[in-house]
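Asker: Based on the hints, put chains B, C and D in the right spot on chain A.
Number of protein chains: 4
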Amino acid sequence: MNALRIGLIGTGYMGKCHALAWNAVAPVFGDIERPRLAMLGEADEALAARRARELGFERATGDWRRLVADPGIDVISITTPNALHAEMAIAALKAGKHVWCEKPMAPSLAEAEAMHAAWRASGKVAVLGYNYIQNPLIRHIKATIDDGTIGTVNHVRIEMDEDFMADAATPFTPRSAASSGYGALDDFGVHALSLLFTLFGHVRRVFADMAKPYADRPLAAGGRRAVENHDAATMLADVEGGVRAVVQLNRAAWGRKGRIAVQIFGSKGAIVYDQERMNEAQLYVAEGPVAQQGYRTLLAGPAHKPYDRFIPAPGHSLGFNELKVIECRQLIARIAGETSVLIDFDDGLRMERALHAAAESFRAGRWIDVG
Amino acid sequence: MNALRIGLIGTGYMGKCHALAWNAVAPVFGDIERPRLAMLGEADEALAARRARELGFERATGDWRRLVADPGIDVISITTPNALHAEMAIAALKAGKHVWCEKPMAPSLAEAEAMHAAWRASGKVAVLGYNYIQNPLIRHIKATIDDGTIGTVNHVRIEMDEDFMADAATPFTPRSAASSGYGALDDFGVHALSLLFTLFGHVRRVFADMAKPYADRPLAAGGRRAVENHDAATMLADVEGGVRAVVQLNRAAWGRKGRIAVQIFGSKGAIVYDQERMNEAQLYVAEGPVAQQGYRTLLAGPAHKPYDRFIPAPGHSLGFNELKVIECRQLIARIAGETSVLIDFDDGLRMERALHAAAESFRAGRWIDVG
Amino acid sequence: MNALRIGLIGTGYMGKCHALAWNAVAPVFGDIERPRLAMLGEADEALAARRARELGFERATGDWRRLVADPGIDVISITTPNALHAEMAIAALKAGKHVWCEKPMAPSLAEAEAMHAAWRASGKVAVLGYNYIQNPLIRHIKATIDDGTIGTVNHVRIEMDEDFMADAATPFTPRSAASSGYGALDDFGVHALSLLFTLFGHVRRVFADMAKPYADRPLAAGGRRAVENHDAATMLADVEGGVRAVVQLNRAAWGRKGRIAVQIFGSKGAIVYDQERMNEAQLYVAEGPVAQQGYRTLLAGPAHKPYDRFIPAPGHSLGFNELKVIECRQLIARIAGETSVLIDFDDGLRMERALHAAAESFRAGRWIDVG
Amino acid sequence: MNALRIGLIGTGYMGKCHALAWNAVAPVFGDIERPRLAMLGEADEALAARRARELGFERATGDWRRLVADPGIDVISITTPNALHAEMAIAALKAGKHVWCEKPMAPSLAEAEAMHAAWRASGKVAVLGYNYIQNPLIRHIKATIDDGTIGTVNHVRIEMDEDFMADAATPFTPRSAASSGYGALDDFGVHALSLLFTLFGHVRRVFADMAKPYADRPLAAGGRRAVENHDAATMLADVEGGVRAVVQLNRAAWGRKGRIAVQIFGSKGAIVYDQERMNEAQLYVAEGPVAQQGYRTLLAGPAHKPYDRFIPAPGHSLGFNELKVIECRQLIARIAGETSVLIDFDDGLRMERALHAAAESFRAGRWIDVG
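Protein chains in written order, with this note's numbering: chain A, 1 to 371; chain B, 1 to 371; chain C, 1 to 371; chain D, 1 to 371.
Worth flagging that the hints you see were computed from the coordinates, not collected in a lab. Incorrect hints may appear among the rest.
No copy labels: a pair is met if it fits in one copy or bridges any two.
[Claimed, not checked] Heads up, simulated DSSO-like pairs for lysine-lysine below, C-alpha to C-alpha not over 27 Å straight-line:
no., residue 1, residue 2
1, K305, K212
2, K268, K305
3, K212, K268
4, K212, K142
5, K94, K124
6, K142, K305
7, K94, K268
8, K305, K94
Looking at chain A on its own, in the form it has when it is part of the complex (with noise of 0.2 Å):
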């Protein structure tokens, strides 16, 4: 395959790890063409031509538009906010490009189905940056499920939690906002699911309930305004292969700063996770002498691929940002017709069906099946 010429359209938070990835990710495995970095978008031109330079792409445009039409692109990393991703989409798509979007699709469950139409009118490659499944240890997790160590999965337990909306005092922004989603359950929501269906497969039956920790924030220019969406969601969830699923959400815990904590309960054993702590899993065989069972933490090491690649010695790991250089590798194999493990846009819309169905449970305060 020729190296790959990518195009980005953002440059915050994810847009910068995702700059990271292209630059990394050839050193890092070995074994595909170094990616061209060939064009960055945003917002004007100016701030565009910075940061192509600080990140290494040839070209930048101050108009994403450009970027989609331009000829010398064949892949395209879409991180500017959720409310942009499918009118971008759809453009690149229709453009013929491969996308690399951040999750989730779309505010509403009409664009994300406009996304996925998009794609499969495409033929192209349209993948969401689910980054946490590709952890090393979530895949060995995987596979200590599918090979029965812990024998039938039962009961699952994920726990998203951050802070950065538990202060009181911070002021109203569009993320409180009605327009920018239902809170927690989509903000949060989808990286539970994505986990979930990667484990163990989509969720079939939904129940949710929602909480404001705080009704009003403070508004910059004085007086307050009401909160319109939830910092805080709990879904109970069916889920495909005979799982009951208890998803925990809220960006208003203090001192949680990025956890996201499994529980995985089987016949024969048992699987803990912490993302907090994403060099290490905890797994329980019920086998021995009981004297000598206990929860093992295991540390993410070469015996984990492809940790591997990054590093030759057990113990020593992984940062957060790796997990999207494994990803960038995945949807190069993707591209390529390899096998890969990734969320595509057919599987990202059914997870955000769920949490529509979620958000519907919470409404009618009783369980929803999701279509």
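Answerer: The following block gives chains B, C and D in isolation, referenced to the frame of chain A:
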């Protein structure tokens, strides 16, 4: 106050725990008359005599009614299987004895209400054995919440998990029969509710889901029998004071032995606790430089009263049995008309109403107000 | 065996601990005659009487010699300050009593040797209060080492740390005077040696370093006084069986409350333990797929005898005081001529010789063979 | 400053790590010219060409002397086996290149001194690859010490443990030969000294002990060969500023993968860190109510610079490789004459002198002053 004269009915798990507490309470606290261990009741005379000798009781009987009727007894510890609580407690209260009954009150709400009525009529003290609330660190957590250290609490999570039902090969026992109750919901749920009540108040509204990890279990005589209750349950609850709670209960959670994991989130901080490490609590306070904030592990010590009555040095670990000694001291205080922290038949009944409402919610698939 | 008749001298920290153990040992184990708490000795009659009433002793005396001479006493718990051990233990042994003396034997080696000689002459049982070795998990660790699970042990680390001397503002007390001993070396070192001895054997060669975190301390009356011993010490030791040990002791280690952190490395695995989490041990066994290897957290439970005598359910936590109950049961077994795990005056003396050799090593700046 | 032109010699473990850092440093920091990856040197032309392509270098050579002589190179990363460092570094400095050499300097003190002399003569920058000191949390720990938060530090413990030599069945390799050095003492000891130096200063006096867990190892060709160096070592050290340190090093410690456990005790608090959880540090400050004191777990975040250059959100984990990116940025600063935290050939030489003094101490069985 003269030395209390104690009767004990039942010498299983909690019966021995009561006996140890009655033996230890005077030397530990050093501020009360040593109770007289007057009479022990067991299933037959021989067993009763043996246990009385082992546990230090003066007299023994194979007929609990004789114990209840004995004029030389002031307080009766009832530690028999749940199905026997109501008859015994009612008889004891009618006989003018104070009652210390292990949790929960009874399998059916009707029986619990009858116990409550008997208590009201008796003028005696009647309390339930919720020992986890007696942990000095739980007291400290309550004080920390009450003094505003973590601001206004908005969200609480409790997980209670053990693994005694985790093995699919465990035979069908009465514990899996409908007659023993709902399963994890009442087996474990009352402990979770005891903590919620102690820290925040009673549950006002509840939604519940329950699950059977195993549909049936082997019979000793061959064949299999359908499991009639649920080894796992989840409750969403609105609690007095505006706290939202998520309670997860699982007695089939491999590797969990005595986990009661509590997470409390407030507007200024958070507190985390796990009964498996009952001498530790974690406190996060959102103050000072961000770079120096973090969850702080408090090790139980003399500063957490009444730890100091057991050990003068910090970090030396109280044990599970010692919580019952504290509960015993609280009971003696209650009988003496002094301030005490205990769950009496009134609050106990309200907690059991919440459980029955949860079961109704599961059947109905919707939220239920607790009467 | 008839009920043992107990005398207790001293009711401070460990005195109360002994009293609790004598009260609890029969109901906990259920297989022995309840000891009779015959007489308590304290500094004066009034205090002795008060404590006897609190702790459940029948008689009291302000003169310990009367207690030692009393024909109605079989065993004497000696829990007074270390400087008094020798005189009391020797008198008790001469009076034909069994002796249960708190550790260490005595500040000077000469006194310890005199105690040893008195014991040899007496034909009685004389053991020291090394309670940490009684933890069911320490027993389990020993069994795990002995059965070869971690192969041949080659390296051991022990850290014992508390912080009661960590505050520079803590006034000068006798604890900082040379007359009280070397400092951390004897204060803590004996505990570390008790673990080394229990698990591996005696120390044969030692090198030590000691440090004074604070050169002087304030006097209550004003002014300051030079600290005469060392709050921190390190010992390198060759232990019987070819084990190399590094022992670190610090009573000025802020935030450590009862830390006794043990790391044991063998040819096939490792074991880690920390007394601050006395219900947990960690076991690493180098077997099975590398990707599934890790330190396994064992939670104390009935499989670790005699935990089962205290609580029938795993993961429910024993406490520090309960270790003394186990030690008490061992003492009763020893008196009855049964198998027991205890440190008697012979092994205790060898341990104290190792400490004095360590002190000599520090002065000389070289390795010293333990005589 | 113009873009630096980089030469890299060696592409093993640390060679790849350097290559990843040179690729990432500009996009991560965004404030420097992207370095030009000019030439890569490996053992032969074919391998060099392949690695150059993988790692993104423009040119390749099988002869490191050509690389050193190339006028189109400004900085040379030397990541070859330790025995080659001296010759290459001296040649590079003589050729007027800046040198970034992996630790340690060289197996013998004479070589290290020659490297030092070449550096003094060159006027160029020459630094060593001590990446652990670049962790934002280590920087934060240093700042926390320097601002007095934990008072005056009096005692430090460092343990560095891995298990790559733990298996007795691991064959004899050059690592076990005397020619490769002392064993754990220099293999790991330099890392421990780099932390001591960064936080406190140089070692002034040292006592050491070393141990061989296995006396011999199997040879591939059959038979066994005596192990010539020591897989475990302990150093007691007096450090500048009055700090006493105990350093334990073990490359045969089963289950430890990248442990560098640091404990720092001061007059007002303590700090604890473990490289296996490199995104966490623990801080204890002896202030506020005793009941609320405890070790506080700090999770790395943007408040710990330059974490923010990698990820804008806290608690999302940096990785081991990213420490090298920070080191790379420090090197660029050093070359530009800006402030930087690095270990140059001067401090590096002093650290290696301490190691050789430790080895002498072991031989002599006494304390040795570091020259």
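Asker: Output the indices of the hints that this structure fails to meet, ascending.
Answerer: Those not satisfied are hints 1, 7, 8.
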